[in-house]
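Novice: Here are the chains, one letter per residue:
There are 2 protein chains.
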Amino acid sequence: MEYSELLHNRRSIRSFTDMPVTNEILLELIKESTLAPNSSHSQIWKFSVVNSREMIRRVSDESKKNICRRIDDNPADYAKMYEAALRNPDYNVFYNAPALVIISGPADYRNLLVDCALCAGYLMYAAVARGLGTCWINLGADVRDTELRAALGLTDELRIVAPIIIGYPASIPPARHREEPVILKVIG
Amino acid sequence: MEYSELLHNRRSIRSFTDMPVTNEILLELIKESTLAPNSSHSQIWKFSVVNSREMIRRVSDESKKNICRRIDDNPADYAKMYEAALRNPDYNVFYNAPALVIISGPADYRNLLVDCALCAGYLMYAAVARGLGTCWINLGADVRDTELRAALGLTDELRIVAPIIIGYPASIPPARHREEPVILKVIG
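Each protein sequence line maps, in turn, to chains V and E.
In short: position in the first sequence from 1, add 1222, done, that's the working numbering.
In short: position in the second sequence from 1, add 1222, done, that's the working numbering.
Keep in mind that a hint or two might mislead.
When chains are identical, the list treats them as one kind, so a pair holds in a single copy or across two.
[Stated by the list, open to error] Straight-line C-alpha distance at most 20 Å; calculated SDA-like pairs for lysine to any residue:
{"hint": "1", "residue 1": "K1302", "residue 2": "Y1313"}
{"hint": "2", "residue 1": "K1407", "residue 2": "T1244"}
{"hint": "3", "residue 1": "K1287", "residue 2": "E1305"}
{"hint": "4", "residue 1": "K1302", "residue 2": "H1263"}
{"hint": "5", "residue 1": "K1253", "residue 2": "E1401"}
{"hint": "6", "residue 1": "K1253", "residue 2": "L1228"}
{"hint": "7", "residue 1": "K1253", "residue 2": "H1230"}
{"hint": "8", "residue 1": "K1302", "residue 2": "S1262"}
{"hint": "9", "residue 1": "K1253", "residue 2": "I1266"}
{"hint": "10", "residue 1": "K1287", "residue 2": "N1314"}
{"hint": "11", "residue 1": "K1407", "residue 2": "P1396"}
{"hint": "12", "residue 1": "K1287", "residue 2": "A1307"}
{"hint": "13", "residue 1": "K1407", "residue 2": "E1250"}
{"hint": "14", "residue 1": "K1407", "residue 2": "D1299"}
{"hint": "15", "residue 1": "K1407", "residue 2": "M1277"}
{"hint": "16", "residue 1": "K1253", "residue 2": "A1397"}
{"hint": "17", "residue 1": "K1287", "residue 2": "A1298"}
{"hint": "18", "residue 1": "K1407", "residue 2": "N1245"}
Think of the hints as simulated: they come from the structure by calculation, not from any bench.
Turn these sequences into a full structure, and let the hints guide you.
Specialist: In structure tokens:
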């Protein structure tokens, strides 16, 4: 696919067909995502592949529970604005996507967020280039339950950065308006 | 350009020809970079365009000075490994690139690092698609001098996330080896 097509056609997708995504494809996307630039060539990113709606639901329920507790403890938590949805037992933060890839890395690594975000950007492009849709779901990142973390391969030192849902789009929303870039200064 | 070509040909470039990059192109790259996904459609990224080797040198000197102070205060600072270079007055952290785009955003924004990193990834792709080379220079991000910050348009609340050098590559290094992705678990 032409890059400009990819650039202009990528959307955050929140509605998927029933068509499953094979593990083979998911692993291919992951492999491509590791071509992302990263600090000091450290490649600290790690991946959990969740290709099961039942398991994705468990991750959603766990994350919702923990975020609701955060809101109880601190009403200034940003997730407060999503409280109504989060307290709805039927709400799946992953929008019933067929597949989820969780990118994590060592919580104490100085460039954890940046490196995993670059990797996630590449993963999303890899998916779009294959006709898949993706969305980064921040509300699905708060997984603390020991058993569930173990099922996802998340050892204690790992922090989830990017839970990315992946599937074949049922509908593709129009492009959202982008503000003109704020150029603080042009020197030279 | 085909996406797969972009994907496989992007490198971190640290050696540039003398050919200047126009402000017009730099602003075009920036505009494209704002098509990146971002949290809650908040578009918090801001841009300083430094298209002057003299000014780039000033930013380099300022950042080196501050990082050296950090190392003095805390020998465990990660930058300690670069100390010899940083204390060399001739060393330019920006590798004498002709142009620099600094991506910044509100220091207190909860997704500052992730959103600016996604934007930086798009900026780098936009450059490569036009035959330019880029490199993200973490060592150039520590700018504290009031006058220099003002010259860059950086108000107090803004934090530099991604200083990206841009220019026409004098040489393109071979691809660096990538580790096989660490797949923690495959469920389903």
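Novice: Sort out which numbered hints this structure fails and list those numbers smallest first.
Specialist: Hints 11 and 14 not satisfied by this model.
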